[in-house]
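**Q** Start counting the sequence shown at 1; every next residue gets the next number (our numbering).
Treat each hint with caution, since some may be false.
[To be verified] Label pairs and their calculated CB-CB ranges:
hint : residue 1 : residue 2 : range
1    : A156      : R284      : 40 to 46 Å
2    : A26       : I141      : 41 to 47 Å
3    : G182      : G303      : 45 to 51 Å
4    : T148      : D298      : 41 to 47 Å
5    : G182      : A26       : 41 to 47 Å
6    : A26       : S54       : 30 to 36 Å
It should be emphasised that the hints constitute simulated quantities derived from the structure, not laboratory data.
Here the structure is a predicted model, which is why all the values come from computation and not from measurement.
Where a beta carbon is used, it is the ideal one built from N, C-alpha and C, also for glycine.
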Amino acid sequence: MQKSDFRGVFPAITTKMTSDQEVDLAAVRADVAYQIESGVDGVIVCGSLGEASSLTREEKLAIAKAAIAEAAGRKPILLTIAEDSTRAGAVLAAEAEAIGIEGLMVLPAMRYLADDREVVAHYRAIAAASGLPIIIYNNPIAYGINVTEEMLKEMADEPKFVAIKESTGDTRRINETLRALGDRYQLLTGVDDLALESLILGCSGWIAGLVVAFPRETVAIYKLAAEGRIPEAMEIYRWFLPLLSMDIGPKFVQNIKLVEAIVRGTSPVTRAPRLPLVGAEEARVRAITEAGLKSRPDLSKYGF
C-alpha cells in the first residue's frame, strides 16, 4: 500500500487501560499485532473510540510509538488529531511525523463550534505542520461541524488531503461527493452499520469499530464486496449488524470495550468520566455479543 492510499480495513483501536485507568502500552502492542495478523490494512490510534478526549499529548505519542514498534513496517500506523486548538493539533501533527507515524486522521478542533471558514483554516494549518497524508474526519452528528461539499472543493488544492472519513450517517453524501469531486478524495466509510452499503456506493476503505473484536469478519466483508461477491458479503454483514450497532451512541466506547472483553478477554476499563456499563445497558451488550458468538459464521465457507 502506498503512503497515501487508504484502501482496505483500518481499525480505530481502543486504548487499553489498566484497572487504575492508566494506559497499558503492552496491551496496545498486543492489540496492534492481533489486528495485523488478522489481515487489516493499517491501524488508527487515539481516535474517538481510542478515548482521545481523555488522553494527554504525552500518552498519545507513547501509544503511537508503541503501535509503530509493534507494526515494524508491516502496516501503516495512523494517529488521530482531535485537539482543542489548532496550535495543539499542529504541534502534535509535527511530532507524529517525527516519530514515524504514516498518516493522520484529523477532526475539527474540539469544544468550539467553528464556522466553515475557521474549519478550513484549521485543516490547512494541520496540513502545513507535517508532510503526512490526511484523512478528513467528517462526523457532524457527534461533533456538530459538517465538512460540506463546498469546503471539500475549497481544500482540494492541498495534496495532503487525500481521503474523507464519511461518518455523516447519510449514504446520499457518498454519491453527492463523488458526483461533485470525482476521485479527488478517497471515501472511507466510518459508520459500522452502514459499511456494506457505503462500500457498494463507492467507498474504498472502512475505518471500523467492531473490527477490534471481529477483525477477520470485517476483512472478509470488505474483500467480498471488493470482489463483487455482494450476496456472500451480505450474509456475514447481516449476522454482524446487531454487533455493529454497538458503534452508535454516546456509550460506544464502553459498548465496544465490553464486546472486546467478552470475545477476546481484553480489558474493558475506560477512563473517567466514562464509567463501566451496568444494569440493562450491560445486559444488552452481553446478550447481543453472546448471541453473535453462538451464530458466528464459518469464514472458510467464503474462502477465508
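**Q** Each hint: holds or not?
**A** Results of checking the hints against the structure:
no.	hint	result
1	A156 to R284: 40 to 46 Å	holds, 43 Å
2	A26 to I141: 41 to 47 Å	violated, 34 Å
3	G182 to G303: 45 to 51 Å	violated, 33 Å
4	T148 to D298: 41 to 47 Å	holds, 44 Å
5	G182 to A26: 41 to 47 Å	holds, 45 Å
6	A26 to S54: 30 to 36 Å	violated, 20 Å
In summary, the structure is inconsistent with hints 2, 3, 6 from the numbered list given earlier, while agreeing with the others.
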